[in-house]
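S.K.: Just so you know, the protein sequences line up as chains C, H, G and F, in that order.
Each residue of the first sequence is one higher than the last, beginning at 15 in the working numbering.
Each residue of the second sequence is one higher than the last, beginning at 15 in the working numbering.
Each residue of the third sequence is one higher than the last, beginning at 37 in the working numbering.
Each residue of the fourth sequence is one higher than the last, beginning at 37 in the working numbering.
Errors might be hidden in some of the hints.
[Claimed, not checked] Only pairs whose alpha carbons sit at most 27 Å apart, straight line, appear in this in silico DSSO-like list of lysine-lysine:
(1) F:Lys-422 / H:Lys-143
(2) H:Lys-116 / H:Lys-70
(3) G:Lys-78 / G:Lys-147
(4) H:Lys-167 / H:Lys-94
(5) C:Lys-244 / H:Lys-105
(6) G:Lys-134 / G:Lys-64
(7) F:Lys-432 / H:Lys-107
(8) H:Lys-107 / G:Lys-422
(9) G:Lys-391 / F:Lys-391
(10) G:Lys-432 / G:Lys-422
(11) C:Lys-244 / C:Lys-90
(12) C:Lys-190 / C:Lys-143
(13) H:Lys-107 / F:Lys-391
(14) C:Lys-121 / G:Lys-391
(15) F:Lys-289 / H:Lys-68
(16) F:Lys-289 / H:Lys-90
(17) F:Lys-333 / G:Lys-305
(18) G:Lys-147 / C:Lys-169
(19) G:Lys-305 / C:Lys-116
(20) H:Lys-121 / F:Lys-347
(21) H:Lys-68 / G:Lys-352
(22) C:Lys-105 / G:Lys-305
(23) G:Lys-391 / F:Lys-289
(24) H:Lys-68 / F:Lys-393
(25) G:Lys-333 / F:Lys-347
(26) C:Lys-121 / C:Lys-204
(27) C:Lys-70 / C:Lys-90
(28) F:Lys-408 / G:Lys-305
(29) G:Lys-64 / C:Lys-94
(30) G:Lys-393 / C:Lys-94
(31) G:Lys-393 / C:Lys-30
(32) C:Lys-105 / H:Lys-105
Everything labelled a hint here was simulated from the structure, so no lab data went into it.
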Amino acid sequence: MALLRVMDLSVEVDGKKVLKNVNLSIGVGERILLLGPNGSGKSSLIQTIIGNPKYKVVRGKIFFNNEDITALSPEKRVSKGISAAFQIPPKIKGVTFQELIKLVISKSGRGFEKLEEVINEMGVNHLLKRDLNVGFSGGEMKKAELFLLFVKKPKLALIDEPDSGVDVENISLIGKMLRKLLNLDGKRRKNSAIVVTHTGYIADYIEANRAYVMLKGTVKCYGNPEIILKNIRKKGFEECVKCEYYKC
Amino acid sequence: MALLRVMDLSVEVDGKKVLKNVNLSIGVGERILLLGPNGSGKSSLIQTIIGNPKYKVVRGKIFFNNEDITALSPEKRVSKGISAAFQIPPKIKGVTFQELIKLVISKSGRGFEKLEEVINEMGVNHLLKRDLNVGFSGGEMKKAELFLLFVKKPKLALIDEPDSGVDVENISLIGKMLRKLLNLDGKRRKNSAIVVTHTGYIADYIEANRAYVMLKGTVKCYGNPEIILKNIRKKGFEECVKCEYYKC
Amino acid sequence: MKNVLNVNTTSVEGFRRKAEKALNKPAKYGLDLDVSVFQSPKPVNKPLKLLQGSRNLLEKVGVDLEEKKRSGTYYQLDEIVGKASSSQPGLKVLSLNKAFQEGVIKDYFHKLVPVDKDKYTAVAALKGKAGYVNIALQGERIKYPVQTCFFMSSPNSVQAPHNMIIAEENSEIHVITGCLVMPESVGLHAGVTEIYVKRRAKVTYTMIHSWNPETHVRPRTGALVEENGQLIIHYINLTPVSSLQTAPEIFLKGRNAKVHLSSVIVSKKKSNMDVGGTVFLEAEGTSAEIISRVITKDEAEVVTRGEIIAKSPKTKGHIECNGLMLSKNSKISTIPVLRSESDDVELTHEAAVGKLKEDEIFYLTSKGLTRKEAASVLVRGFMKVKVEGLPEILSKQIEWAINSAASGL
Amino acid sequence: MKNVLNVNTTSVEGFRRKAEKALNKPAKYGLDLDVSVFQSPKPVNKPLKLLQGSRNLLEKVGVDLEEKKRSGTYYQLDEIVGKASSSQPGLKVLSLNKAFQEGVIKDYFHKLVPVDKDKYTAVAALKGKAGYVNIALQGERIKYPVQTCFFMSSPNSVQAPHNMIIAEENSEIHVITGCLVMPESVGLHAGVTEIYVKRRAKVTYTMIHSWNPETHVRPRTGALVEENGQLIIHYINLTPVSSLQTAPEIFLKGRNAKVHLSSVIVSKKKSNMDVGGTVFLEAEGTSAEIISRVITKDEAEVVTRGEIIAKSPKTKGHIECNGLMLSKNSKISTIPVLRSESDDVELTHEAAVGKLKEDEIFYLTSKGLTRKEAASVLVRGFMKVKVEGLPEILSKQIEWAINSAASGL
């Protein structure tokens with residue numbers, strides 16, 4: 015069963031088209047990689063799925079659990095089980111990371127067990143009293159976003175470039191956070207996620223079922239993540255999508 | 015013969031010690047990796063070698079070609095054959111990348127053959143008319159710095175984190191730029207370089223002779239780059255330097 | 037003990053003459069008022085009862101009647117000094133009258149705020165009564181704040197205390213001042229405050245004001261900071277006022293002296309406010325920071341000013357003015373002034389006026405908050421100014437005041 | 037054809053009366069001058085010879101005597117109109133007198149700059165002579181700039197032309213004005229300029245001034261921009277002056293009208309300058325940008341002002357003031373004003389005053405430049421203001437002027 019289905023989606027920002035006829039679906043327990051160069055529409059797709067009002071859907075639909083969510087507010091989508099970790103979250107002065115964690119937990123209507131333990135494990139302790147993302151390094155910003163996902167435990171996690179601007183030590187930490195978040199080492203069913211990556215470094219960790227390649231606002235092809243990543247590394251994106259085997 | 019020899023170097027910035035009793039040397043034609051976590055002193059060492067006046071040498075000496083250069087101005091060091099690519103170069107409004115290229119070439123006293131060809135090859139064409147580093151992406155900043163090194167053709171290149179904030183396509187491009195810069199595929203003698211890296215991604219390209227690991231302002235150990243990188247990836251920096259085999 | 041006192045009986049005749057000449061001199065900024073309509077207040081009946089009946093209001097402006105975690109207390113009802121006491125040996129908390137009697141302030145009185153600065157200092161000198169004098173003796177670090185409180189209850193009257201804070205060398209003192217007005221009363225508050233920070237001393241001066249829509253407020257503050265001294269002034273106004281104009285003048289006279297001046301202004305209804313501050317960097321290594329956060333609602337109008345004048349080398353100054361407009365009929369102006377008279381300076385300024393940012397609201401809704409919750413989180417965050425060096429107890433007090441104000445927006 | 041004309045013979049008696057009443061009205065900003073000491077200039081001998089002898093100076097301020105790549109030329113020596121001609125059918129370049137005769141400006145004259153604004157507009161109206169009127173006809177996009185030049189040579193005189201630029205709907209016009217003074221002469225330049233940008237029209241107005249240390253300059257400029265119109269004013273002053281004060285007032289009256297106002301000021305010797313500009317955002321979607329770059333040397337003193345008043349929703353404004361001090365005896369003040377009278381606005385301001393940044397100098401020396409070369413590169417870079425929409429030919433002219441000024445620093 016498809017958990018999320020994006021059908022023929024075209025999207026505009028300030029009257030400029032950023033997505034064109036995008037089709038994509040992800041099943042329960044699946045993880046997909048979204049690959050593509052800068053400006054290819056990866057982040058636009060994430061923003062549209064989570065419901066950023068700047069991204070106007072001019073055509074097509076988004077279904078989550080077979081329900082049309084195209085017109086829902088972001089907080090409604092969150093309450094249905096979608097959550098996103100942003101590539102570049104805004105810096106918000108005067109609001110600490112800790113305050114936001116508390117708010118997110120209180121909104122989810124249930125407590126969060128072993129919060130302190132998880133805070134230590136994820137290495138976000140030193141960020142708690144700081145203003146949200148203000149002066150955070152690349153890696154700290156990613157960790158904070160992932161931690162908030164963790165608190166939320168969504169059915170579908172949208173994770174935008176968890177590995178960009180992150181150093182070698184933290185890549186593996188973030189990889190481990192992702193595995194835990196997606197329940198990849200547990201016995202229960204794995205969680206679903208769409209993971210955007212530029213670098214592919216994080217790919218090893220998430221055991222993706224498929225990789226989609228985006229170019230110029232649309233999904234060009236999809237297929238085996240390892241083969242596609244190898245091709246991109248060798249030939250670049252433009253060449254990669256010329257490959258006949260994985261046309262959409 | 016050692017091209018550069020750093021002897022018992024201690025350095026302060028605004029009265030705060032940033033380097034303590036650092037020893038390091040690099041031979042003609044050698045390339046070394048400088049590894050270590052944030053704040054371990056890697057960039058401080060690069061800044062001190064190139065002659066940043068903020069970095070006050072309070073102990074020890076730097077020799078280049080057996081000449082004591084500890085007290086020379088940056089431009090004198092450059093004229094002797096040292097050049098640096100900065101991790102985060104300043105953004106300078108009103109001065110275009112192109113203008114700086116011209117100035118650097120004119121100062122080197124000789125022309126630069128096939129400039130346009132190299133510009134195209136390095137993919138910095140679109141940066142030429144833009145203000146230096148203003149609005150450059152991580153990758154663009156690195157490319158611009160490396161291009162300026164290229165124009166300079168130094169005997170010793172100091173390259174600070176060429177791979178941080180760079181996406182997968184550009185890592186390989188930057189790797190290729192580095193190989194060309196260091197003459198790794200040519201028949202003549204290879205050029206010398208100190209390459210700082212956080213992530214290690216660039217390590218594959220530069221065929222380093224040794225890796226040095228820095229921690230808390232000093233060089234802790236050095237040895238085979240591959241083994242050291244592997245250890246760091248597995249155990250982190252703190253654990254890695256506990257290893258008995260590579261003590262300084 | 038009769039606590040009604042008149043400053044002028046103890047000051048020289050010269051002050052009175054100067055003041056009389058300045059009675060028609062308008063202030064540089066702010067709405068011009070006819071000060072002749074305000075009278076000396078009538079005596080209050082049962083002042084203690086009045087105070088205790090206003091416990092909630094007092095708490096809001098940081099006054100703790102039990103004096104827990106306070107090193108001293110001064111309070112004044114209209115013209116009556118209710119209390120002036122210190123619980124610390126190194127700290128003097130005196131009424132102005134007492135301080136004159138003890139001879140401890142004659143070198144300081146009206147040295148920083150001229151009596152003829154404008155009609156408000158003039159009316160303060162001629163009609164004003166009482167005020168506090170807080171002195172931290174040499175080397176004494178007074179841990180808990182001194183709390184001071186001015187309560188206005190008599191209609192159509194002027195309350196104009198003359199206050200002084202003197203921190204001797206190497207001392208530290210925290211003063212928290214709450215000013216409030218009985219809801220029904222119209223009046224003019226025009227206090228004079230002079231602050232002396234000696235070498236290596238530190239003064240923090242926190243004002244939390246709760247006026248009413250009929251009050252006019254014209255405080256006049258001057259401060260002098262000596263070598264390695266540090267002054268923090270944090271001003272918070274959370275309730276509507278008829279008109280308010282204040283612009284402390286701070287002179288950094290000694291090397292490496294520092295000042296931080298911040299204002300958090302919530303302006304509602306038809307409030308007219310003009311809030312600023314001028315810092316003179318008069319010695320090498322001095323630095324100043326002027327921060328303001330202004331929120332307007334309804335038909336309020338606020339002008340924020342800030343002025344840093346660098347007269348010496350190796351000086352630094354930064355002004356930051358942020359305005360958040362929560363109604364389309366309110367008005368905000370920011371007028372920062374940077375002036376350099378030396379080349380080796382770093383003066384910067386940033387300002388932004390507008391409404392809540394859509395991308396921030398969206399971000400918070402994408403974490404599950406409703407738009408309204410997101411807006412409220414952002415408004416509260418907007419009002420928070422980080423003040424390095426403020427004791428925990430004061431930071432908490434301020435946070436509490438801000439949260440209570442934000443919840444009404 | 038006798039070109040000496042007096043504006044006032046063609047204007048109604050009302051202007052004269054108003055002007056006479058304002059002769060003692062000081063300007064809001066800047067040094068106050070006694071305007072009675074300046075006389076109408078004496079006639080010039082051999083004006084053309086004088087012009088041709090000043091070819092180098094003229095080039096510096098953007099005047100090309102060969103008129104290559106120019107669509108029209110106006111020049112004036114003291115009170116004499118030397119030339120007023122257009123080489124384009126869609127463009128009129130007239131002397132003010134001629135424009136009155138043709139009846140094309142009566143609806144515009146003194147509508148944006150009141151004749152009694154201050155003593156300088158008054159003296160301009162009473163003693164001033166001539167001026168240009170440049171009109172781009174409807175739908176005409178005039179590719180090359182109109183060059184205009186004011187040359188002062190007669191000592192102790194006042195030069196006060198009244199200029200107008202009118203861009204009819206859908207038209208585009210570029211005007212470049214060079215003002216210069218013979219080195220030996222003392223005088224007052226107090227020109228009035230009124231600019232009308234109609235719907236969807238675009239005007240760029242570039243001034244490059246080369247005064248001398250004895251000149252006083254008080255230009256008075258007003259502009260009105262209609263729906264989707266665009267105005268760019270770029271002011272460059274590169275030489276010392278005795279005193280200068282200017283602050284154009286720009287009214288964005290039509291939806292989505294835009295203005296960019298920038299000033300590059302190099303102030304040397306004992307120059308006293310006060311340079312600003314006020315923009316009124318009076319319609320939805322209007323936006324303004326005010327940029328200034330000030331370099332001071334010697335004992336020069338510069339005040340930069342900028343004011344954006346947002347009166348409508350969906351408006352944007354940005355002020356940026358950067359000051360670079362190259363001597364410790366010079367002075368820079370920045371006084372930006374942002375005022376919002378609507379909540380849906382984005383007003384921002386940034387300012388920085390100081391000396392060259394050590395990290396940037398180091399960076400350039402680490403690329404092989406000497407400290408001196410690095411400083412010179414940074415000074416040149418500091419003066420460059422990116423002005424979107426300025427034609428290449430003007431950008432080049434400005435760059436050339438800036439480079440020649442920077443090389444003297």
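S.K.: Work down the list of hints and note, for each, if the structure agrees.
M.R.: Hint check results:
1. With a C-alpha separation of about 12 Å, the suggested pair Lys-422 (chain F) and Lys-143 (chain H) falls inside the 27 Å cut-off, and the hint holds.
2. A threshold of 27 Å between alpha carbons decides the hint, and for Lys-116 (chain H) with Lys-70 (chain H) the separation of about 31 Å lies outside it, so the pair is violated.
3. As the CA atoms of Lys-78 (chain G) and Lys-147 (chain G) are separated by approximately 30 Å, the hinted pair breaks the 27 Å bound.
4. Between Lys-167 (chain H) and Lys-94 (chain H), the direct Cα distance comes to roughly 11 Å. Compliance with the 27 Å bound is thereby established for this hinted pair.
5. Of the supplied pair hints, the one linking Lys-244 (chain C) and Lys-105 (chain H) is violated, its CA atoms being roughly 35 Å apart against a limit of 27 Å.
6. Distance hint between Lys-134 (chain G) and Lys-64 (chain G) is unfulfilled; the C-alpha atoms sit about 33 Å from each other, more than 27 Å.
7. For the given pair, Lys-432 (chain F) sits about 18 Å from Lys-107 (chain H) by alpha-carbon distance, which is consistent with the 27 Å threshold.
8. Note on Lys-107 (chain H) and Lys-422 (chain G): the hinted pairing is violated, with a Cα-Cα distance of about 31 Å set against a maximum of 27 Å.
9. Our distance criterion of 27 Å between C-alpha atoms is broken by Lys-391 (chain G) and Lys-391 (chain F), whose separation comes to about 35 Å.
10. With a C-alpha separation of about 12 Å, the suggested pairing of Lys-432 (chain G) with Lys-422 (chain G) holds against the 27 Å cut-off.
11. The hinted pair formed by Lys-244 (chain C) and Lys-90 (chain C) fails the criterion: a straight-line CA distance of about 38 Å is larger than 27 Å.
12. Annotation: proposed proximity of Lys-190 (chain C) to Lys-143 (chain C) holds, straight-line Cα distance about 24 Å (limit 27 Å).
13. A C-alpha spacing of about 15 Å is found between Lys-107 (chain H) and Lys-391 (chain F), which places the hinted pair at or below 27 Å, so the restraint holds.
14. A threshold of 27 Å between alpha carbons decides the hint, and for Lys-121 (chain C) with Lys-391 (chain G) the separation of about 25 Å falls inside it, so the pair holds.
15. For the suggested pair Lys-289 (chain F) and Lys-68 (chain H), the alpha carbons sit about 52 Å apart, so the restraint of at most 27 Å is broken.
16. The straight-line distance between the Cα atoms of Lys-289 (chain F) and Lys-90 (chain H) is roughly 58 Å, outside the 27 Å bound, and the hint therefore fails.
17. Restraint check for Lys-333 (chain F) and Lys-305 (chain G): not satisfied, since their Cα atoms lie roughly 49 Å apart, outside the 27 Å limit.
18. Between Lys-147 (chain G) and Lys-169 (chain C) the CA atoms are separated by roughly 69 Å; this puts the pair beyond 27 Å, and the hint is violated.
19. Pair hint Lys-305 (chain G) plus Lys-116 (chain C) does not hold up; C-alpha atoms about 33 Å apart against a cutoff of 27 Å.
20. With a CA separation close to 53 Å, the supplied pair Lys-121 (chain H) and Lys-347 (chain F) exceeds the 27 Å bound.
21. Using a Cα cut-off of 27 Å, the hinted pair Lys-68 (chain H) and Lys-352 (chain G) holds, with the two alpha carbons roughly 19 Å apart.
22. Pair hint Lys-105 (chain C) plus Lys-305 (chain G) does not hold up; C-alpha atoms about 31 Å apart against a cutoff of 27 Å.
23. For the proposed pair Lys-391 (chain G) and Lys-289 (chain F), the alpha carbon gap of about 23 Å is at most 27 Å, so the pair holds.
24. Proposed proximity of Lys-68 (chain H) and Lys-393 (chain F) is supported: the alpha carbons are some 12 Å apart, at most 27 Å.
25. Of the pairs offered as hints, the one joining Lys-333 (chain G) and Lys-347 (chain F) holds, with about 17 Å between alpha carbons and a cut-off of 27 Å not exceeded.
26. Using a Cα cut-off of 27 Å, the hinted pair Lys-121 (chain C) and Lys-204 (chain C) holds, with the two alpha carbons roughly 24 Å apart.
27. For a cut-off of 27 Å, the pair hint linking Lys-70 (chain C) to Lys-90 (chain C) stands: about 17 Å separates their Cα positions.
28. Restraint check for Lys-408 (chain F) and Lys-305 (chain G): not satisfied, since their Cα atoms lie roughly 58 Å apart, outside the 27 Å limit.
29. Distance restraint check for Lys-64 (chain G) and Lys-94 (chain C): the Cα-Cα separation of roughly 58 Å exceeds the 27 Å cut-off, and the hinted pair is therefore not satisfied.
30. Of the supplied pair hints, the one linking Lys-393 (chain G) and Lys-94 (chain C) holds, its CA atoms being roughly 26 Å apart against a limit of 27 Å.
31. For the suggested pair Lys-393 (chain G) and Lys-30 (chain C), the alpha carbons sit about 21 Å apart, so the restraint of at most 27 Å is met.
32. For the given pair, Lys-105 (chain C) sits about 21 Å from Lys-105 (chain H) by alpha-carbon distance, which is consistent with the 27 Å threshold.
In this structure, the hints that do not hold are numbers 2, 3, 5, 6, 8, 9, 11, 15, 16, 17, 18, 19, 20, 22, 28 and 29, in rising order.
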